[in-house]
Structure formats: C-alpha cells, structure tokens
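Participant: Taking the hints into account, I'd like the entire structure generated from these sequences.
Chains as they are written, first to last, in the working numbering: chain G, 1 to 344; chain Z, 1 to 344; chain S, 1 to 344; chain C, 1 to 344.
Derived by calculation from the structure, the hints in this document are not laboratory data.
Repeated chains share a single entry, so a pair holds when one copy, or any two copies, can fit it.
Below, a list of computed lysine-lysine pairs in the DSSO-like style, where the Cα atoms sit at most 27 Å apart:
#1 K203 x K249
#2 K185 x K203
#3 K113 x K218
#4 K249 x K218
#5 K57 x K89
4 protein chains.
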Amino acid sequence: MDVGIVGSTGYGGVELYRLLSNHPNVSECILYSSSLDGTSYAEEYPHLSGLSGEKVKPILLEEMQQLDFVFLAAPSGVSRELAQNLIGKKVKVIDLSGDLRLKNPREYEEWYKGESAPKHILDKAVYGLTELNRETIREADLIANPGCFPTATLLGLAPLFHHGLTKPHSLIIDAKTGLSGAGRKATQSSHFSETQENLRIYKVHEHQHTPEIEQQLKIWDSETGPITFSTHLIPMTRGIMVTMYAELKNTSTTGELHSLYHSFFEGSPFIRVRREGQFPSTKEVFGTNFCDVSIKADPRTNRVTIVSVIDNLVKGAAGQAVQNMNVMLGIDETTGLHYYPIYP
Amino acid sequence: MDVGIVGSTGYGGVELYRLLSNHPNVSECILYSSSLDGTSYAEEYPHLSGLSGEKVKPILLEEMQQLDFVFLAAPSGVSRELAQNLIGKKVKVIDLSGDLRLKNPREYEEWYKGESAPKHILDKAVYGLTELNRETIREADLIANPGCFPTATLLGLAPLFHHGLTKPHSLIIDAKTGLSGAGRKATQSSHFSETQENLRIYKVHEHQHTPEIEQQLKIWDSETGPITFSTHLIPMTRGIMVTMYAELKNTSTTGELHSLYHSFFEGSPFIRVRREGQFPSTKEVFGTNFCDVSIKADPRTNRVTIVSVIDNLVKGAAGQAVQNMNVMLGIDETTGLHYYPIYP
Amino acid sequence: MDVGIVGSTGYGGVELYRLLSNHPNVSECILYSSSLDGTSYAEEYPHLSGLSGEKVKPILLEEMQQLDFVFLAAPSGVSRELAQNLIGKKVKVIDLSGDLRLKNPREYEEWYKGESAPKHILDKAVYGLTELNRETIREADLIANPGCFPTATLLGLAPLFHHGLTKPHSLIIDAKTGLSGAGRKATQSSHFSETQENLRIYKVHEHQHTPEIEQQLKIWDSETGPITFSTHLIPMTRGIMVTMYAELKNTSTTGELHSLYHSFFEGSPFIRVRREGQFPSTKEVFGTNFCDVSIKADPRTNRVTIVSVIDNLVKGAAGQAVQNMNVMLGIDETTGLHYYPIYP
Amino acid sequence: MDVGIVGSTGYGGVELYRLLSNHPNVSECILYSSSLDGTSYAEEYPHLSGLSGEKVKPILLEEMQQLDFVFLAAPSGVSRELAQNLIGKKVKVIDLSGDLRLKNPREYEEWYKGESAPKHILDKAVYGLTELNRETIREADLIANPGCFPTATLLGLAPLFHHGLTKPHSLIIDAKTGLSGAGRKATQSSHFSETQENLRIYKVHEHQHTPEIEQQLKIWDSETGPITFSTHLIPMTRGIMVTMYAELKNTSTTGELHSLYHSFFEGSPFIRVRREGQFPSTKEVFGTNFCDVSIKADPRTNRVTIVSVIDNLVKGAAGQAVQNMNVMLGIDETTGLHYYPIYP
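Facilitator: Right, here's the structure in full:
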C-alpha cells in the first residue's frame with residue numbers, strides 16, 4: 001500500500017513517518033511539503049539518518065490522487081484546499097488539521113478567523129474519534145482527525161455524557177500541553193529560555209478547539225451548555241493532560257463511575273481506565289497511542305474530577321490517524337501501533 | 001535584630017536565609033535544625049560557600065525565646081510543639097507550617113490526619129495573608145503564615161469574594177506547582193527521571209490546603225460552598241499558577257473586573273494586576289515576592305477565569321513571612337524584598 | 001523462548017522488559033527482583049497498565065537455570081553472586097552490571113571498592129561490545145555487557161585505535177549523561193529541584209568505567225597510556241554524549257577520517273557515522289539502539305574531536321544486551337530493535 | 001549617575017537593567033534599541049510590569065555621549081560602529097560584544113567573519129577581566145567586556161598559567177552552556193522541543209571565543225600553544241561550566257594546587273575556590289556574579305582537571321560589566337552585586 005504525507009516536515013508529519021514506516025501494510029511512504037520540497041528528509045531531521053533516504057516532494061496532486069491513503073498534516077487553510085482536490089479519487093484522505101471538523105461553517109469562521117471549507121466537503125468528512133465512531137469511519141473516504149485537546153477531553157467525558165449523568169452548564173475543562181503541540185516553527189513563545197521553568201496560560205476563552213468539543217458533547221447529550229475550556233503550556237515536549245470538572249445530576253460513587261468507564265471502553269485496546277484511586281500521568285503514555293483515564297467523585301461537592309492523558313503527537317494526531325486508517329482497512333486497529341511507553 | 005530559622009536545612013529555611021541575610025534590619029540570622037544540627041550550612045548548601053560560615057544548631061528553646069523573631073519552617077507536627085514553647089516570651093513567632101492556620105481543630109485532624117494544636121494557640125495565631133490582614137498582623141505575636149496554594153488562590157479571589165460577586169458552589173480551583181513545593185526530601189516522586197517530561201495530578205479532592213482556602217473565603221463571603229481544588233506537579237522547580245473558575249451572579253465585563261482588581265489592590269506593592277488581556281506566567285515572578293493576577297469574563301458562559309502566579313518559596317513561604325515581619329516591625333513592607341524577577 | 005530479567009524493577013530492567021516483550025523470538029519474559037518480589041509490575045510501573053499483568057518473583061535459581069536467557073540487571077556485587085550460580089546450566093547469561101567486565105581482579109577491587117568475581121568466571125565472560133566482538137559473542141554462554149560510557153566511548157574510538165592513529169597518552173574523554181544512568185533510587189542528587197537547571201561533574205578521575213575503557217583500548221593499541229575520563233550530569237533523563245580529544249600521530253583530514261569510519265563500521269546497522277561536518281545530538285538516538293558518531297580534525301592543533309551519542313538505557317544497556325542475545329541466537333542482530341528515534 | 005543600555009531588549013540588556021536598576025550609584029537607566037525602539041519595556045518583558053514604565057528609545061548618539069556610562073549589549077558588528085561614535089566624549093563605554101576584544105584585526109576577521117574595528121579603537125579598549133586587570137580597568141574609558149566562555153575559562157586557568165605550570169600544547173577546554181547564551185532570537189536550535197532532553201555540540205574547532213582565550217593565555221604564558229576548545233548546549237537556561245584538562249610540567253598534589261588557587265584569588269570576592277574534593281555546579285552560582293572554581297590532580301596521568309562555573313548572563317556578561325563600572329568608579333567592586341544564588 002502506498003501512502004503520502006503532506007506537511008511531512010512538521011512535527012505531525014514526522015510522527016506519521018515514524019509510525020507508517022514501521023507499519024506492516026505500508027510499502028511506500030511518500031513525503032510532500034509545500035514549503036520545504038527538494039530538501040533531503042534526513043538532512044532536515046538528522047534522527048532519521050540512515051532510515052530515510054528520501055527527498056521531500058512538492059505537492060503533486062495527480063500523484064497523490066492515485067495513492068491508497070494521504071495524510072494531510074498541513075496547517076489549517078492549506079488542508080481545506082487540498083482536501084477538495086483529493087476527494088472523489090482513488091485516494092482516501094485523513095486530514096489532521098482543524099479544517100473539516102466543524103460541521104457549521106459559521107463556527108469555523110468565528111473560531112478559526114478564516115474561510116470555512118465548502119459545506120458539501122464538511123458533510124462528507126467523518127469525525128475520526130476512533131473509539132466512538134468506528135462504524136462510520138470504516139465506510140469513510142474522508143476523515144477529519146480530531147484535535148489533540150478534543151481527543152483527550154472527549155474520551156475522558158464520553159461515558160458520562162453518553163449516559164447524561166452531568167448537569168448542563170457545569171463543565172470546566174482545564175487542559176495542559178507540552179510544547180510540541182505548537183508545532184516546529186520557531187517563535188518567541190517556543191524559545192527554550194522563555195519556556196523552561198515557566199508555566200503559561202494562553203487563548204483564554206478563545207481556543208479553537210472549544211466548538212469542536214461542544215459539537216461532539218451535544219451529539220451525546222443535547223442539553224450540554226457552553227463549556228469553559230482553557231489551555232496551559234507546560235515545560236515539556238510531549239503530552240497532554242486534561243483535568244475536567246462537572247457536577248453530577250445524581251450521586252454516584254467513584255466505584256460506580258469506574259465500573260461505568262470500564263464497561264464503556266471494553267473492546268477499546270488503547271483506552272486504559274486506571275484502577276480506582278490511581279490517576280495517570282503524561283509520561284505513562286509517552287510515544288504511544290494510549291489514552292489513560294481516571295475519575296473520582298467528591299461527596300463534598302457532588303462534583304467529579306476526570307483526568308485524561310495522551311501523547312499529543314500520537315493519540316492526539318498521527319497515532320489516531322493511523323488507527324483510523326486501520327479501521328478503514330478493516331484490519332486490527334492496533335496494527336503498527338504496538339509501542340510500549342518509553343519510561344523513564 | 002537577631003532572628004532564628006528553625007528547619008533551616010529545608011527549602012523554606014534556606015530561602016528564608018537568602019532573604020534575611022540581606023535584610024537591613026537583621027544583624028544576625030541563627031540556624032536551627034532538629035535533624036541536621038552540627039553540620040556546616042555551606043557544606044549542606046554549597047551555593048552558600050563563602051556566604052555562610054555557620055554551623056546549624058540543635059533546637060535551643062531558651063536561646064530562641066530571647067530572639068526578636070523566630071521563623072518556624074519545620075514540618076507540620078513539629079511546628080505545633082515548638083510554637084507552644086515560644087509564645088508568651090520576648091520572641092515573635094512566624095510559623096510557615098500548616099499547624100496553626102485552621103481555626104477549627106476538627107478540620108485539622110480531618111485533613112492533616114494528626115493532632116491539632118491546642119485551641120488557645122490557634123486562637124492566638126493571626127493568619128498572615130499580608131495584603132488582607134495588615135492591621136491584625138501589625139499587633140500579632142504569632143503568625144500562621146499562609147500555605148503556598150492558599151496565598152495564590154486567595155489573592156486571586158479576594159476582590160470577587162469581598163464583593164460577593166460569584167455564585168456559591170461554583171468555584172473550581174485548578175492549581176499547578178513546581179517541585180520545590182514538595183520539599184527537599186528525596187522521594188520516588190521527586191526523582192528527576194520520573195518528573196522531567198511528566199505532568200501529574202495528586203491528592204485529588206484531598207489536599208490539606210482545601211479547608212484553609214474555604215475558611216478564608218467564608219470570612220469574606222459567608223455563602224461560599226465547598227470548593228473543588230486540585231493540584232498538579234509541573235516539571236519545573238519554582239512557581240505556582242492557580243487557574244480559577246467561578247460563575248458570576250450578575251454580568252460583568254473584563255474591563256469592569258480589572259478596575260475592581262486595580263482599586264482593591266491599591267497600596268499593595270507586591271500585587272501586580274496585569275493589564276486587560278495579558279495573563280501572567282510563573283517565570284515572570286521568579287525569585288520575587290510578587291503575586292501577579294489577571295481575570296477575564298466569558299459572556300458565553302457567564303463565568304470568569306482568574307489566573308494568579310507566585311514563586312512558591314517566596315510569596316508562597318519565606319517572602320511573605322519576611323513581609324509579615326516587616327509589617328510587625330512597622331517598617332515599609334517591601335524592606336529586604338526589592339528583588340527583580342530573574343529572567344530568563 | 002523463555003527469558004528472565006533479574007533486577008526487573010530498576011530502569012535497566014524495565015527497559016529490557018520493553019524490548020523483550022515485543023521481541024518476536026521471546027514467548028515469555030519472567031520478572032525477578034530481590035527487593036520488590038511480590039509486587040505487581042504494573043503497580044510499580046503504571047505505564048505498563050494493561051501491558052503487564054505479572055507479579056515480580058523472588059530470585060528462583062532453579063527456575064532461572066532452565067530458561068533460555070537470563071539478563072542480570074542487578075547492582076554490582078549482586079550480579080557476581082548470581083552469575084556463579086547460573087553458569088554451566090542450560091541458561092545463557094547476559095550480565096549488565098560491572099562485575100564481569102574487568103579481566104584483572106585487582107583492577108575491580110581498586111575501582112569498584114569491592115570483592116571481584118572469581119578469576120575463572122571472569123575468564124569465561126565475553127565482553128559484549130557487539131560491533132567489535134561478534135564472533136566470540138556468538139559462541140559465548142556468559143556475556144559481560146559493556147557499561148554505558150564505555151559503549152559510547154569505545155565505538156567512537158575503535159577505528160582510530162584499531163589503526164593506531166593517535167599518540168599514546170593524548171586521550172581525554174569528557175562524558176555527559178542524563179539522570180537515568182544513576183538508576184531509580186531516590187537520592188539527593190537525583191532530586192528534581194537539585195538537578196533541573198543544573199550541571200554537575202562527578203567522580204572526577206575516579207569513575208569505575210575508566211579501567212574498562214583502558215582495558216579495551218589497550219587490546220586494540222597496546223601503546224595506549226592512562227586516560228583522563230570525566231563524567232557530567234546533564235538535566236535530562238536519557239542520553240549520553242561523549243566528547244573525545246586525541247592527538248594524531250600523523251596528519252589526516254576530516255574527510256580521510258570519515259572514510260575510515262564509514263568503512264570500519266560497514267555491516268554494523270546500529271552505527272551511524274554522520275556526514276562530514278554534522279555532529280549528532282542525544283535526542284537523535286532517543287529510545288533506540290543507535291550509536292551516532294562523527295569526527296573532525298583540527299589542523300591548528302593536529303588533534304581530533306570525536307563525538308559519540310547513545311541512549312544510555314538502550315545501546316548503553318538493555319538494547320545492546322538484546323543485540324547480543326540476537327547474535328548468540330544467530331538471528332539478524334536488529335531483531336526486535338527496529339525502533340525509530342522519538343523526535344521531538 | 002545616568003547610564004544607558006544599548007541592545008536593552010536582548011537578554012544581556014535586560015540583565016543589565018536588573019542589576020543597574022538596583023545599583024545604589026545609578027539614578028537613571030536609559031534604554032536604547034536599534035530594532036525595538038518605541039516599544040514599552042514592560043510590554044516586551046512583562047516580568048518588569050510595575051518595575052519599568054519606560055519606553056525603549058532609538059539610538060541617540062548625542063544623548064548617549066553625555067551619559068556617565070553606556071553599556072553596549074548589541075550584536076557584534078553593531079557595537080563596533082557605536083563605540084567609534086562614543087569614545088572621546090564624556091561617556092565611558094563598556095562593550096559586551098566581541099568586537100573589541102581581539103587586539104589583532106586579522107584574528108577578528110578570521111574568526112568573526114566580518115570587518116574588524118579600527119586598530120586605534122582596539123588599542124584603546126581594555127580587556128575587562130576584572131580580577132586580573134583591575135589596575136588598567138580603573139583608568140580606562142573603554143572596556144572590552146570578556147566573553148562568557150573566556151571569563152569562566154580564564155579565571156579557571158589564571159593561577160596555573162601565571163605560574164607557567166602546564167605543558168604547552170596540552171590544554172583541552174570542554175565548555176557547556178545553557179541556552180540563554182544564544183540570545184533571545186527565536187531559531188530552530190533554540191526551540192524548546194528541539195532542545196529539551198537533548199544535548200548538542202556546536203561550532204567544533206570554530207568558536208569565535210577561541211582566539212580570545214589564546215590571546216590572554218599567551219600574555220600569561222608565552223609558550224602557550226593553540227588550544228582545543230569545544231562548546232555544548234545544555235538543556236537549561238542559565239549557566240556555564242567549563243571543564244579544562246592540562247598536563248603539568250612537574251608533579252603537584254591537589255592540595256598544593258588548591259593552596260595556589262586560594263592565594264592567587266585572595267582579595268577577589270567573587271571568586272570562590274572550593275575546598276579540595278568539592279566541585280561546583282552551575283546552579284550554585286545562579287543569578288550571581290560568582291565564579292566558582294576547583295582543581296584536581298591525577299597522579300595516573302599527571303594531568304589536572306579544572307572546573308569553573310559562572311552564570312553566563314551575570315559574571316559572563318552583565319554582572320562583570322557592572323563590576324568593571326564599579327572599579328572604574330573607584331567604589332567597592334561588589335556594589336549592587338550582593339545577590340545570593342537562588343537555590344533551588
């Protein structure tokens with residue numbers, strides 16, 4: 001099977017390359033970039049010395065249309081254009097940008113401050129939250145791969161919201177991410193000296209992943225109100241932790257909630273619901289496609305605290321994309337993703 | 001003026017030493033420790049080579065009673081005993097442990113899992129949140145210096161709760177701290193290899209600073225309900241950020257709230273309310289006694305997000321203790337605390 | 001094939017588990033520990049939740065003797081005793097400690113400050129520097145797996161010393177390592193707050209890897225004099241860089257030296273000699289068994305600078321041990337070690 | 001006294017501001033920048049909120065000429081031009097760039113790849129290695145403030161080279177620095193995700209501080225040959241450690257060498273020669289003007305290992321500049337530099 005990666009020189013792209021190069025069903029993995037075409041991949045990423053002899057190609061639409069899969073790891077805006085030129089051809093498209101996730105074009109325009117993809121494309125795109133959408137993903141030609149924060153958040157909340165257990169308007173999401181989520185571009189805010197031994201909050205009430213989370217929660221529980229979602233930059237490279245707070249409609253014990261989570265995620269090999277009383281940390285999923293989750297009820301407040309961790313570049317991007325490819329191929333969804341966390 | 005530091009070999013103690021050694025009103029700074037007495041201070045802390053020639057003394061109650069000030073930076077439990085032997089003497093006592101902060105002994109026993117100090121001592125102890133309690137601190141002989149999380153939290157919430165602007169039962173506090181807050185003891189969870197590139201949550205719904213925060217909030221706004229408070233370990237050494245979420249009773253704009261904060265903290269040189277739209281980061285207060293605060297209203301949810309940052313060892317411990325000493329001495333509260341943040 | 005790991009709860013042990021669990025020739029991987037037997041492995045290492053359901057066993061000599069391979073990742077001293085009870089049985093032994101590396105018992109006693117293994121065991125142990133010793137490793141029953149620093153150092157120097165190109169007495173080795181090399185034990189010097197934003201030198205002129213390096217260099221070039229070897233602790237978890245300086249007997253250009261290195265390491269898939277002018281960094285081998293090397297001649301001084309990097313827990317310990325097992329099995333030496341570096 | 005800082009928005013500039021703002025002899029500290037003039041300083045550096053209300057000015061030569069001191073913290077090339085327009089006026093100039101350090105213009109052109117300052121300016125500039133040059137600094141109008149690596153290196157070597165104790169051609173200098181030394185500009189190599197958990201070597205045999213070190217060593221010991229000097233980037237923000245290796249002409253014990261160092265640096269309050277057997281780490285001088293040094297002889301090789309640490313932005317730049325200003329003013333050289341290291 002021949003696959004292509006657009007945006008191959010970004011962090012999402014190079015992580016796709018790591019996973020796809022070792023995937024047993026992939027025979028060739030072609031690299032594309034609109035900005036760095038012509039460069040040697042191993043020169044751009046010396047950790048690939050001896051592993052990649054390839055040169056990065058420019059965007060070659062006709063060639064891409066004939067591939068089996070193409071992964072779009074380009075920035076928002078770029079992806080939208082490419083997707084339109086690839087659908088309806090042989091190739092199946094998995095888009096890792098935010099361009100095709102929001103069904104309502106007005107929401108895209110409001111939160112992304114740019115022009116939305118046309119409605120017929122948005123309608124065609126299947127939201128690739130694998131564990132929750134396997135059936136539709138299997139039949140899809142075009143996947144809108146979820147954002148990193150929505151992945152961790154929605155997996156952490158799915159059992160609660162599926163069963164309508166929380167009060168509307170009570171959800172607070174406090175998200176924390178490593179720096180790699182901001183991409184490879186050198187900016188003042190990704191400068192080591194400004195980041196190390198520092199902790200920052202950003203895009204308060206304005207993060208573009210907010211409507212993506214709300215859209216999905218409302219599908220599960222139509223009473224869901226607007227959420228409070230904030231994001232923090234942690235002085236580490238990989239990893240997302242999302243701490244979520246919600247009020248329960250009725251009283252539940254931590255034990256009952258854990259049972260609910262365990263049964264909800266049965267058959268989902270990448271979701272590890274931790275034992276009662278144990279909360280996951282980001283390093284415990286480093287380099288893998290796992291999403292580890294725990295929940296605890298507080299009888300004092302009748303609120304629950306839910307914690308969900310992922311590696312933002314794997315389950316939050318490239319890994320889930322490969323998982324979706326596996327589902328579309330009808331093979332075991334863990335194929336090519338059998339990595340153990342690197343620890344310490 | 002002669003001062004003493006008990007628990008001088010811990011991180012709180014050595015930070016007190018840094019500040020007191022350069023304080024213009026302090027002529028001698030005597031070091032005590034119950035566990036490491038007899039050791040050379042500069043041998044224990046080589047960064048003090050040439051700056052401290054002192055040996056650490058054992059606990060000498062009679063000597064301490066004759067000092068002008070003694071700072072108790074010993075663990076909870078130890079402090080309680082010492083305080084009882086020092087009050088009623090010449091010396092004024094500033095206790096940095098949690099032993100004397102909770103007025104209700106049952107709350108101490110529930111959250112600290114140990115025996116409370118006797119009620120008459122608790123009654124005597126003045127809660128040393130300097131900016132809010134200057135008048136009573138000035139007259140006090142015994143200060144219960146606030147915890148690091150309560151300091152950042154309460155300073156971030158004081159204007160709102162003083163004016164009763166938030167709905168009861170709506171407060172969520174998501175706190176993040178560097179590792180130095182956990183002290184100098186070598187433990188598995190403070191091991192570099194387990195901490196670096198890692199993000200952890202701990203003591204979910206069980207942190208002993210919870211009742212300390214609630215006690216003070218209820219003084220300001222008696223309707224305050226139980227809070228949700230969670231704490232995270234950030235892979236950095238110093239710094240606390242507290243992100244707080246609350247629902248407003250009425251609608252307010254971010255501008256109105258900033259005005260409120262600015263006027264509330266007028267005359268408080270260590271509180272820097274940031275301009276509208278700018279949120280502080282922990283590194284921006286590194287090594288100093290500042291507490292930087294910002295707030296933003298979200299019209300979508302009618303909630304506010306408040307962010308407060310401190311250096312946990314300065315404003316969250318040693319710095320605020322020195323600030324309280326200054327107030328007790330009737331001198332400018334910034335004396336000996338004129339440090340600029342070290343950046344980067 | 002059934003294999004065992006002694007010292008499975010240390011960092012070397014858990015890294016062996018990561019590699020062996022995914023190794024196609026290993027059917028069972030049994031965990032032993034003298035100190036933590038009885039504990040659940042996934043409770044000790046929650047990153048293995050769902051991946052390991054095993055309990056750690058005590059040292060069971062008879063059981064071990066019947067395994068195909070046993071890896072000793074126990075501390076120096078422990079290993080020596082165990083090895084004596086395992087040789088001569090069915091099991092092949094790969095010892096990752098320093099106990100069996102020095103052929104001269106007096107050197108062991110001088111540098112390790114402990115009793116050496118008996119001479120007949122030392123004589124039996126084959127030094128497992130895979131790339132240089134494949135033939136003897138293939139026939140061995142007992143492997144002394146090289147130390148982390150010697151691995152990086154010797155691979156960086158092998159081409160030069162094999163050809164006798166450097167002046168005796170001119171070699172200086174400046175080594176830098178991440179914290180995981182110091183093991184999992186919580187100590188003052190592994191405390192995050194003492195390590196982060198800090199750089200330390202340790203064991204100056206006294207590091208126990210010194211005689212191990214000298215022993216091998218003298219085999220290659222009998223004129224080799226005593227070396228200067230120093231080690232530094234870098235605020236990172238994984239990775240070793242060794243910077244080596246030596247004077248050339250004759251003049252060589254960087255190009256000539258690169259040609260020499262390339263041809264020397266032909267057929268060694270884990271050694272990546274970088275292109276002229278490009279030096280490797282530790283992150284470029286993170287999580288893998290690669291050793292990346294570069295060299296540069298300085299016509300001003302007629303010295304060369306050689307840089308060699310490895311992941312200390314992989315090529316410097318567990319990875320090279322598995323590579324040696326592969327050689328002993330007569331299978332492709334990269335089996336089970338096809339990992340791409342995780343970057344960033 | 002009125003002083004100016006050119007290049008005030010860089011890391012060297014903002015560190016000068018920290019020190020000069022708290023200096024008792026400085027009444028006004030004016031900020032200049034050729035690139036960011038017009039911006040509010042506290043907006044550029046929010047850690048200065050409430051501490052600096054100033055706007056950054058453009059380069060105003062006439063105004064600068066009337067100041068008491070001007071510090072040039074601009075990049076190489078810029079400094080050279082400015083210095084020419086400032087000398088001969090009232091103002092005394094302390095240049096922190098590399099433009100005026102090399103007395104031989106050809107060396108500048110070879111190592112800096114740019115045009116040298118005119119010879120008469122170079123002749124006028126006094127090399128500001130304070131501890132070694134106090135007498136000439138006192139009389140100077142123009143100071144070439146030493147580079148960060150040369151400062152640590154030369155202070156570590158001065159006693160040995162003054163007494164001609166080492167063999168010519170035997171010196172190897174292995175330097176390690178935090179990221180802040182590379183300045184504030186956002187580049188690929190200063191990106192957090194490429195730097196964290198990474199260790200790199202750069203400019204092998206090509207670092208522009210090489211001739212600066214050689215120039216000074218030859219003044220002390222004319223037999224000094226070309227040195228080997230290499231530099232590594234450590235994943236930390238501040239701090240330089242230089243590890244130096246040299247062969248002794250005759251045998252000396254560590255004790256004898258420590259005595260030599262202690263007496264050599266008597267009267268130098270910022271040089272802390274550590275006790276025999278104790279080596280300094282970078283964090284032990286964090287935020288201060290100290291240079292901590294230790295030395296150890298190795299009888300096996302007759303080489304010595306010398307370790308020297310500084311904070312690159314203080315003793316390696318702004319702090320030494322202020323120290324030089326103090327010497328030029330004839331006041332205590334520690335004025336305004338009484339900081340204790342921040343630890344941890």
